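If you're matching positions, the sequence shown starts at 1 in this note's numbering and goes up one per residue.
One or more of the hints may lead you astray.
As the list claims (entries may be wrong) - Cross-link-like lysine-lysine pairs, in silico, BS3-like; alpha carbons within 27 angstroms at most:
#	residue 1	residue 2
1	K333	K249
2	K203	K129
3	K92	K129
4	K324	K249
5	K394	K333
6	K249	K334
7	K394	K334
8	K394	K324
9	K203	K324
10	K324	K334
Because the hints were derived from the structure by calculation, they are not lab data. Source: prediction; values computed, not measured.
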Amino acid sequence: MRYRSRVTAPAAALIGTAAALTAAPSAHATPTTGTSAATASTTKSYGTPGPETLGDPVFPDLGNDGYRVTAYHLDFTYDATTRLVDATATLKIRATQALTRFSLDALGLDIRAVRVGRRTATFEQVGEKLRITPARTLPARSWVTVCVEYSADPRRQLPHTGWVDTPDGFAVCCQPNSAHTVFPCNDHPSDKAGFSFRLTVPKGLRGVATGLLVRTESLDGDRTAYTYRSREPMATELVQITVGDYVVKHRQGPHGLPLRDVVPTARAEALEPALALTPGIVEWLEARLGAYPFETYGLLPCNSDAPNAFDFTGLETQTLTIYKPNFLLQEEKKIGSHMMHELVHSYFGNSVSPATWADLWLNEGHADFYGLLYRYERGWPDSLGMTTLEARMKHTYAQGDQWRHDSGPVAAPNAVNLFDGQRYLGGVLVLYALRNLVGEAAFSALECAFLARYRNSSASTEDYIAVASHVTGQDLSGFLRDWLYGTKTPRMPGHPDWTVTPVNPSLVAPHSRRGGHYHDNSATL
């Protein structure tokens, strides 16, 4: 079997890893021969505060530099009476420079205490940053454990939030920039890390998180603690943590892949027809992109029908896609294409994360591309009544200059238009043009090569261009940069008769259902 039904390490060892993070010693420098005590005592004078940004072109204030996170352990206790979360976030970090101070992203969290190593650290919350000053300078290349104790209210009103409040608990949806409203972190997809979770909940509720369940504990006060571990590294925006009246349903996917769905108990029977579609969807995609990249997959129909609970239909949190439950109650031809879209994100977006948020088209363009292929193979008309990818691309191509006028080039979004149709169907159009130019066999080969090259890491648009050029043996840099960054729509390979409609400056962009961080511009819906 290609997959295992259990994690490879014993549960006790995994829990031990989490405990070791909490009790890790103070930071220590890589040993250097001849370093004197006097030199060590003056280390602090040579450190500097770490930069409070990673310079993302879409979210310039997001992320922090001077260190990288290698692991997170999140310990959440949910109180059903107060509906508050008491939490401890333990991070293992590696300093990339000598640091007198460093910061984490954090918003809306009530911080009680911070420790760096075993020492209490001073801290302050400024805007969306948690500034931490350790008792001693962190030497460059040193490893240290950071422990942050805090509480959070999933119902708190914030400028943006990753919390989804439900009648019986909560879930989280952190994309693109809201993980730090759930836990303090280096909130950028370029800094992927290992994750483990311990969720303590009262009787009658279930706690579930990304990854596989490795331990269940019965505690005093009719409480249960569930511990999960993600086998593969993860971007902060992909974390899923949910508490509620759920039942976990298990089934087997292709090649023994364990599938688990987290389903509202009262709706389990009604949702079963949608959940039963997953094995076939995984099998179809594996035939095109290779083995599913994670330890498990499944759906989380979040236990909330509130229209304002979250502003999307489905979101690709790692190993567990969160959905609005009513969407999944529809017949297969209404939901299958979008279920494929979300599964594709396990490859493009999760396994290979965007290096910056300007590279989002790699996620959404690929998800819509394969989601539409799946739809049209089954003869299901899309929202415009079209039944072939060629017909939909001809229609999209005609609007190309208008979209570039309204939303900028495909690979040059801003925070307002990040999730509009240009990143979705505009991205599909780029992939369609590339496939027309190089042929289906070469296109398939470069897709798989890109996924293999950047698995469990992050990749940029330039990385994709480089892999495409290498695999096909053609210099595709000019071709792809014209399609991705040009202000005019290039000629479509194989279709010299296709034409672009002139720009109408007064036209209200019909390709974007609304502005802001809105995820439902997918053509698979």
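Structure-based check of all given hints:
Pair hint K333 plus K249 holds up; C-alpha atoms about 23 angstroms apart against a cutoff of 27 angstroms. Note on K203 and K129: the hinted pairing is violated, with a Cα-Cα distance of about 35 angstroms set against a maximum of 27 angstroms. The straight-line distance between the Cα atoms of K92 and K129 is roughly 18 angstroms, inside the 27 angstroms bound, and the hint therefore holds. The straight-line distance between the Cα atoms of K324 and K249 is roughly 18 angstroms, inside the 27 angstroms bound, and the hint therefore holds.
For the proposed pair K394 and K333, the alpha carbon gap of about 23 angstroms is at most 27 angstroms, so the pair holds. With a CA separation close to 23 angstroms, the supplied pair K249 and K334 stays within the 27 angstroms bound. With a C-alpha separation of about 23 angstroms, the suggested pair K394 and K334 falls inside the 27 angstroms cut-off, and the hint holds. In summary, the hint linking K394 to K324 is not supported, as the alpha carbons are separated by about 32 angstroms, beyond the 27 angstroms threshold.
Restraint check for K203 and K324: satisfied, since their Cα atoms lie roughly 25 angstroms apart, inside the 27 angstroms limit. A hinted pair counts as satisfied when its Cα atoms are at most 27 angstroms apart, and K324 with K334 qualifies at roughly 14 angstroms.
In summary, the structure is inconsistent with hints 2, 8 from the numbered list given earlier, while agreeing with the others.
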